[in-house]
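Enquirer: Please work from the sequences and hints to get the whole structure.
Here are the chains, one letter per residue:
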Amino acid sequence: MIKYNPKLWFSHIFKLYKSDTLKILLPEIILISIYTWAINFILTKFFPEFNLKVFKNAFSIHTLLGFVMGLLLVFRTNTAYDRWWEGRKHWGALVNNTRYAAIKAQSLLPRNNETKDFIELIAAFPYSLKNHLRDIHTYEDLEISSEFKVNLKNYNHIPNGLISLMYQKLNTWKKNKTISDIDLLLFDKEIKNFIDILGACERIKNTPIPFSHTLFIKKFIFIYVLTIPFGFIPDFGYWSIPIATFVFYVFVSIEIIAEEIEDPFGLDDNDLPLDELSDKIKTNIKEIEA
Amino acid sequence: MIKYNPKLWFSHIFKLYKSDTLKILLPEIILISIYTWAINFILTKFFPEFNLKVFKNAFSIHTLLGFVMGLLLVFRTNTAYDRWWEGRKHWGALVNNTRYAAIKAQSLLPRNNETKDFIELIAAFPYSLKNHLRDIHTYEDLEISSEFKVNLKNYNHIPNGLISLMYQKLNTWKKNKTISDIDLLLFDKEIKNFIDILGACERIKNTPIPFSHTLFIKKFIFIYVLTIPFGFIPDFGYWSIPIATFVFYVFVSIEIIAEEIEDPFGLDDNDLPLDELSDKIKTNIKEIEA
Amino acid sequence: MIKYNPKLWFSHIFKLYKSDTLKILLPEIILISIYTWAINFILTKFFPEFNLKVFKNAFSIHTLLGFVMGLLLVFRTNTAYDRWWEGRKHWGALVNNTRYAAIKAQSLLPRNNETKDFIELIAAFPYSLKNHLRDIHTYEDLEISSEFKVNLKNYNHIPNGLISLMYQKLNTWKKNKTISDIDLLLFDKEIKNFIDILGACERIKNTPIPFSHTLFIKKFIFIYVLTIPFGFIPDFGYWSIPIATFVFYVFVSIEIIAEEIEDPFGLDDNDLPLDELSDKIKTNIKEIEA
Amino acid sequence: MIKYNPKLWFSHIFKLYKSDTLKILLPEIILISIYTWAINFILTKFFPEFNLKVFKNAFSIHTLLGFVMGLLLVFRTNTAYDRWWEGRKHWGALVNNTRYAAIKAQSLLPRNNETKDFIELIAAFPYSLKNHLRDIHTYEDLEISSEFKVNLKNYNHIPNGLISLMYQKLNTWKKNKTISDIDLLLFDKEIKNFIDILGACERIKNTPIPFSHTLFIKKFIFIYVLTIPFGFIPDFGYWSIPIATFVFYVFVSIEIIAEEIEDPFGLDDNDLPLDELSDKIKTNIKEIEA
Amino acid sequence: MIKYNPKLWFSHIFKLYKSDTLKILLPEIILISIYTWAINFILTKFFPEFNLKVFKNAFSIHTLLGFVMGLLLVFRTNTAYDRWWEGRKHWGALVNNTRYAAIKAQSLLPRNNETKDFIELIAAFPYSLKNHLRDIHTYEDLEISSEFKVNLKNYNHIPNGLISLMYQKLNTWKKNKTISDIDLLLFDKEIKNFIDILGACERIKNTPIPFSHTLFIKKFIFIYVLTIPFGFIPDFGYWSIPIATFVFYVFVSIEIIAEEIEDPFGLDDNDLPLDELSDKIKTNIKEIEA
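Chains as they are written, first to last, in my numbering: chain B, 342 to 631; chain S, 342 to 631; chain C, 342 to 631; chain X, 342 to 631; chain F, 342 to 631.
Think of the hints as simulated: they come from the structure by calculation, not from any bench. Misleading hints may appear alongside valid ones.
[What the hints assert, rightly or not] Simulated DEER-style distance windows between Cβ atoms:
| # | chain 1 | residue 1 | chain 2 | residue 2 | range |
| --- | --- | --- | --- | --- | --- |
| 1 | X | 404 | C | 390 | 21 to 29 Å |
| 2 | X | 354 | B | 610 | 51 to 59 Å |
| 3 | B | 494 | S | 451 | 19 to 27 Å |
| 4 | B | 516 | F | 607 | 46 to 54 Å |
| 5 | C | 614 | F | 631 | 20 to 28 Å |
| 6 | C | 390 | S | 567 | 32 to 40 Å |
| 7 | C | 486 | S | 452 | 41 to 49 Å |
[Stated by the list, open to error] DSS-like, lysine-lysine: derived pairs with alpha carbons at most 27 Å apart:
| # | chain 1 | residue 1 | chain 2 | residue 2 |
| --- | --- | --- | --- | --- |
| 8 | X | 621 | C | 494 |
| 9 | X | 518 | C | 515 |
| 10 | F | 471 | B | 627 |
| 11 | S | 621 | B | 530 |
| 12 | X | 533 | F | 621 |
| 13 | F | 530 | F | 518 |
| 14 | S | 546 | S | 559 |
| 15 | B | 518 | F | 510 |
| 16 | B | 623 | F | 494 |
| 17 | X | 516 | C | 518 |
| 18 | B | 627 | F | 533 |
| 19 | B | 530 | S | 518 |
| 20 | C | 515 | S | 516 |
| 21 | S | 430 | S | 471 |
| 22 | B | 356 | F | 559 |
| 23 | X | 457 | X | 516 |
| 24 | B | 560 | S | 359 |
| 25 | C | 490 | X | 627 |
| 26 | F | 430 | X | 471 |
| 27 | X | 471 | X | 627 |
| 28 | B | 533 | F | 510 |
| 29 | F | 510 | B | 516 |
Keep in mind the model is a prediction, meaning the values are calculated, not measured. Ideal Cβ placement from N, Cα and C applies to all residues, glycine included.
Expert: Structure, rendered in structure tokens:
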């Protein structure tokens with residue numbers, strides 16, 4: 342994720358960032374310009390009367406359908422943004438939850454190496470979740486005791502494995518009376534939260550909007566954009582080239598951005614700062630332990 | 342559910358998938374083309390003056406009502422999508438909940454066959470819920486001990502029966518002091534979640550949008566589409582055939598998709614991947630048990 | 342509530358159901374037709390020039406205001422639908438809650454007649470809530486022990502009374518050590534849910550949208566509809582009769598449906614299936630008890 | 342709050358209620374009529390050509406901006422309604438919560454005068470909250486024991502004081518073993534709810550929408566309305582007086598209603614029935630105690 | 342935050358507040374006026390025919406795209422407002438939570454200096470959170486005992502440090518049996534809430550809307566505004582100067598306001614009254630302690 346000041350205007354308008362749809366769509370924009378020019382050339386050259394008579398009011402249809410498309414694209418933007426923001430909320434909750442789990446461990450457990458290992462397990466969870474969401478299935482890099490690493494061998498699903506290990510550890514402590522039943526109840530909530538955050542992130546990652554919506558919106562945009570020149574040429578002639586291109590840029594940009602933010606766990610400019618959040622959590626936990 | 346890459350454009354635009362509304366609506370689209378041609382033929386042949394004079398501005402009414410219909414269809418899309426997404430959330434919660442119930446069982450219960458049977462009961466719940474939501478009422482295929490199957494004979498509502506069996510089991514353990522009162526409290530939350538997920542899925546399955554809305558939206562679309570040619574013919578002549586057809590395709594597609602995703606528990610392309618999720622849960626639980 | 346297949350089109354378009362706004366609005370539709378005819382007759386007969394000159398562009402105002410009205414009506418539809426769906430959610434939660442309360446009672450309480458009576462109390466709650474929401478204040482029909490009926494005499498608010506009785510019963514058991522403190526905690530959540538569901542349904546029933554909104558929307562629709570003919574007649578002559586009628590039908594239908602689903606606890610076609618849900622709950626509980 | 346039947350149309354259209362925006366805006370409506378007449382007079386008298394030429398298409402700008410304003414006003418309506426409905430939800434939760442607190446007190450506490458006083462404290466809370474939200478800071482009218490009234494002297498924030506007294510009372514009972522630790526846990530949830538409801542109502546009361554929004558929307562409406570006659574006069578002449586007035590009525594009404602329902606705790610027609618709810622709660626509690 | 346009466350109209354319309362977008366945008370508004378004048382001058386002077394012919398219908402494109410922009414800006418306003426309101430909710434929850442934590446401390450803990458120090462810790466939390474959200478990292482001004490200040494030296498993250506200290510204190514009390522296990526459970530919820538509020542506020546502060554959205558909306562507005570004169574000049578001549586300026590003012594204001602309220606924790610007119618809320622909490626706690 343790029344950190345930026347939302348109140349800057351000029352740099353945002355004139356610079357071309359990697360995630361700028363103007364940059365992403367450049368080839369298509371050029372293509373549409375050429376296409377509009379070609380249609381214009383053919384119509385005015387070979388069918389001059391036909392053009393003026395038949396397509397004179399064609400733009401009114403683009404207005405009606407443009408309205409429907411606007412509504413659909415805002416619906417699309419909304420649902421994509423909701424996933425992005427929900428993803429962010431879950432990682433925010435992960436920050437809270439790891440902090441609190443560490444505070445509890447530090448307070449309720451005896452100050453020994455076992456506790457230290459347990460807190461390491463908590464601090465490692467965000468890293469394992471981050472990797473899991475990016476389809477990296479490894480536990481070698483996690484900063485946890487080698488004993489835990491041995492146990493993780495049995496798990497394909499690393500974050501799940503970490504949670505299992507936490508619970509087993511707590512249960513051992515409960516059984517040898519290091520912690521009371523109520524203490525376990527206090528930890529239970531945090532573990533439950535780890536599981537819920539994990540499940541919710543998996544859900545966001547694995548479920549794009551319904552397939553029919555994607556098919557329909559793309560077909561709709563495609564036909565709409567290809568017929569735009571017919572609506573503009575009678576009125577604007579060759580000036581319809583920048584106009585058609587701009588309309589194309591606006592409609593397709595909204596769809597492109599929605600596609601980009603829908604899965605917020607990758608490494609794009611728009612994706613959530615998972616690395617940064619994981620590091621921040623580790624720093625926080627280090628402070629609590631100190 | 343079809344797994345797809347939402348960033349693919351060309352294959353989505355040019356391929357015809359089973360769930361593509363273009364395919365579903367093909368017969369109606371042909372019908373509308375013929376209908377528009379017929380109206381056009383009759384009007385220009387027999388009432389040429391009338392046509393140009395009376396219906397000249399008819400399109401402005403279609404614009405006004407098209408706007409209202411656009412708003413209604415987006416409302417429709419929103420509510421249908423909300424159910425689809427809520428259904429997905431509940432199955433996501435089911436993943437979390439079965440994982441955690443299995444972790445708890447593995448940690449808090451003694452490692453014996455009874456515990457194994459109990460964990461099987463947890464792993465079987467998603468399968469029984471899936472069948473229940475698809476109106477398949479059987480417990481024979483569930484991978485649970487034959488003792489439990491005997492008990493399930495008393496239940497018409499299989500998922501409910503499984504939950505009852507879980508609770509009875511826990512209560513037996515509580516009574517013979519295998520688990521403490523607080524342990525039961527720890528399991529209680531998960532069982533409650535199973536019940537809530539079951540009830541929520543039943544609610545989504547059994548409650549389509551209000552009957553009046555369905556009646557009204559369909560009547561509205563029907564009259565709107567049948568009168569579209571009158572608005573287009575004065576301006577576009579025979580070119581109104583592709584235009585009317587496209588407008589029809591756009592409006593009806595949105596309604597059709599809404600109908601498809603409203604009940605997300607079936608076997609359509611757009612439906613949620615219940616089989617896959619059930620299998621994933623089983624694999625997760627197997628790993629936890631290992 | 343009518344059970345229906347949302348994918349049926351033709352029967353929905355051509356049949357006239359009781360809750361169809363086309364049927365409800367039939368008298369008004371006829372009235373509007375006559376009114377438009379009369380305005381048309383007067384204008385073309387007595388003020389032919391005036392008509393064409395002054396009102397030529399009147400329709401553009403209807404377009405602008407029609408847009409604002411469309412937005413308002415969708416806001417109205419949204420809030421009405423939200424109540425309907427919230428009501429459904431609470432009754433869904435009631436299903437879950439009665440099921441779980443029954444499972445708990447069956448497991449945690451001794452198998453005797455007192456427990457049987459207690460479970461009857463749970464099964465009777467949905468019936469008493471249903472009656473309460475329909476302003477039927479009786480407890481005679483409830484299938485509960487005569488001892489409880491005697492106690493209910495003190496209550497005007499029957500569902501509240503049932504909840505009080507449940508809690509008193511549980512407290513008696515707690516005091517004579519039939520159940521532990523933790524057991525009471527386990528039941529406490531379910532009782533709390535009964536109270537919350539009861540309160541939420543009462544809130545939905547007793548609070549229509551703000552009075553000013555109702556007054557304003559109706560005045561707005563009334564003036565809008567009465568002036569529609571002036572906008573249509575210059576362009577369409579007598580053809581403005583079906584057009585004005587259709588516009589009227591569309592706008593008023595949306596408001597009518599909103600009014601119908603806003604209070605979802607009655608006996609209309611659109612109302613929630615409270616009877617069916619209550620019976621389903623009773624069946625579920627019977628199964629759990631068996 | 343006025344109780345009304347939302348399905349009545351004619352009385353709502355023809356009667357003028359106190360909260361009717363038509364009544365509230367009457368002076369402004371007359372002013373706008375005069376203003377439009379004056380502009381019309383000046384333009385047609387002194388600048389007849391200029392008028393027809395320059396402002397001929399001015400209405401198209403009002404259409405574009407009218408659309409943006411419609412969207413803004415619906416956003417405004419939505420946020421105002423959300424507060425109103427959230428306020429209603431919190432008072433609904435207060436009903437549930439006082440009922441349950443009274444049921445618990447009646448069951449868990451010994452039947453003596455101290456308990457009676459405690460339940461009075463619960464029944465008094467809605468009254469004190471109601472007064473607090475209407476800036477009436479008194480505890481003299483509350484029906485609580487004089488001993489409690491003496492204690493309230495130390496509090497400027499009466500509802501907060503009542504909650505403190507409840508908790509202190511419970512703690513005294515806990516310390517002299519009248520209630521167990523788990524019993525305190527059972528009451529803790531209800532007290533927490535009282536605090537949350539209190540805080541949420543204070544938040545709604547004290548936070549209108551952002552200042553910039555209010556400034557902007559009012560400036561926007563003001564300029565829009567003052568320029569409306571210029572758009573209508575070329576087409577409609579003196580008929581633009583009722584038209585401009587009606588457009589003004591529609592746009593400003595939506596803003597006025599939003600302002601009225603935004604703070605739902607006063608004594609306006611649209612405000613929530615706090616007195617009635619407080620009395621209902623008292624009656625409910627009396628029944629539970631009986 | 343400015344306290345204001347939302348029902349005042351005239352002062353809001355005619356006064357220029359610091360946060361008024363009319364004031365903020367004044368330089369740009371002047372620039373746009375000059376720009377429109379220049380375009381007008383050039384077009385009418387050097388390309389009079391071209392102007393009238395080519396750009397005659399250009400405004401229809403601005404209408405279509407103006408609609409899409411209106412939808413986007415309302416989406417933008419909605420998400421910005423949601424953050425502002427969510428921030429307000431969390432600070433409202435902070436009020437509730439500190440009140441209740443103080444009430445619990447006052448009731449459950451022994452009345453001694455240690456308890457007094459603990460309550461000071463609670464009252465100091467809002468101040469430390471406020472500073473943290475404004476990037477002021479100091480604990481010197483907090484009104485807490487010097488012993489705690491010494492402990493805070495180890496923390497860069499002050500609010501986190503305060504929560505750690507609270508938990509450690511509670512755990513010490515639990516270990517020396519000043520409070521029971523259940524008492525700790527009672528405090529646990531409040532501490533959890535402190536952590537959740539802290540995390541949520543950090544999330545709102547650190548996550549502006551996706552970078553692509555900002556880039557796209559600004560580019561879209563920029564091109565839209567620069568081309569507006571071309572659409573207006575053929576119809577309105579020099580009168581297009583106030584018109585283009587007003588359209589610019591409306592569209593850009595909505596974006597500007599969204600940017601302002603998106604991060605609600607600063608010191609702008611629109612920002613939340615964090616100082617006031619912190620002081621209010623302190624006063625409330627003082628009263629509870631008295």
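Enquirer: All the hints need checking, so say for each whether the structure fits it.
Expert: Hints, verified against the model:
Checked against the hint of 21 to 29 Å, the pair residue 404(X) and residue 390(C) passes, with Cβ atoms roughly 27 Å apart. Distance hint check: the CB atoms of residue 354(X) and residue 610(B) are about 55 Å apart, consistent with the given range 51 to 59 Å. Checked against the hint of 19 to 27 Å, the pair residue 494(B) and residue 451(S) passes, with Cβ atoms roughly 25 Å apart. Under the hint 46 to 54 Å, the C-beta atoms of residue 516(B) and residue 607(F), about 51 Å apart, fit the expected range.
About 55 Å separates the C-beta atoms of residue 614(C) and residue 631(F), a value inconsistent with the hinted range of 20 to 28 Å. For the pair residue 390(C) and residue 567(S), the beta carbons lie near 35 Å from each other, so the given range of 32 to 40 Å is met. Under the hint 41 to 49 Å, the C-beta atoms of residue 486(C) and residue 452(S), about 45 Å apart, fit the expected range. Pair hint residue 621(X) plus residue 494(C) holds up; C-alpha atoms about 19 Å apart against a cutoff of 27 Å.
Taking the CA atoms of residue 518(X) and residue 515(C), the gap is near 16 Å; set against the 27 Å cutoff, the hint holds. Distance check on the hinted pair: residue 471(F) and residue 627(B) sit about 23 Å apart at the alpha-carbon level, within 27 Å; holds. Straight-line distance between C-alpha atoms of residue 621(S) and residue 530(B) comes to about 24 Å, which keeps the hinted pair within the 27 Å bound. With a CA separation close to 19 Å, the supplied pair residue 533(X) and residue 621(F) stays within the 27 Å bound.
Simply put, residue 530(F) and residue 518(F) have alpha-carbon atoms about 20 Å apart, close enough for the 27 Å limit, and the pair holds. Among the hinted pairs, residue 546(S) with residue 559(S) is consistent with the structure: their alpha-carbon atoms are about 21 Å apart, no more than 27 Å. Of the supplied pair hints, the one linking residue 518(B) and residue 510(F) holds, its CA atoms being roughly 22 Å apart against a limit of 27 Å. Between the alpha carbons of residue 623(B) and residue 494(F) the distance comes to roughly 19 Å, so the proposed pair stays at or under 27 Å and holds.
In summary, the hint linking residue 516(X) to residue 518(C) is supported, as the alpha carbons are separated by about 22 Å, within the 27 Å threshold. With a C-alpha separation of about 19 Å, the suggested pairing of residue 627(B) with residue 533(F) holds against the 27 Å cut-off. The suggested pairing of residue 530(B) with residue 518(S) holds, with an alpha-carbon distance near 24 Å, which does not exceed 27 Å. Distance restraint check for residue 515(C) and residue 516(S): the Cα-Cα separation of roughly 16 Å lies within the 27 Å cut-off, and the hinted pair is therefore satisfied.
In summary, the hint linking residue 430(S) to residue 471(S) is supported, as the alpha carbons are separated by about 15 Å, within the 27 Å threshold. Only pairs whose Cα atoms come within 27 Å are accepted, and residue 356(B) paired with residue 559(F) is accepted, the gap being roughly 12 Å. For the hint pairing residue 457(X) with residue 516(X), the CA-to-CA distance comes to about 19 Å; that is within 27 Å, so the pair holds. This hinted pair checks out: residue 560(B) and residue 359(S) have alpha carbons roughly 15 Å apart, not beyond 27 Å.
Taking the CA atoms of residue 490(C) and residue 627(X), the gap is near 19 Å; set against the 27 Å cutoff, the hint holds. A distance of roughly 21 Å separates the Cα atoms of residue 430(F) and residue 471(X); the hinted pair therefore holds under the 27 Å criterion. Restraint check: the Cα-Cα separation between residue 471(X) and residue 627(X) comes to about 19 Å, which is no more than 27 Å; the hinted pair holds. Simply put, residue 533(B) and residue 510(F) have alpha-carbon atoms about 25 Å apart, close enough for the 27 Å limit, and the pair holds.
Distance restraint check for residue 510(F) and residue 516(B): the Cα-Cα separation of roughly 26 Å lies within the 27 Å cut-off, and the hinted pair is therefore satisfied.
In the structure shown, a violation is registered for the earlier hint numbered 5 alone.
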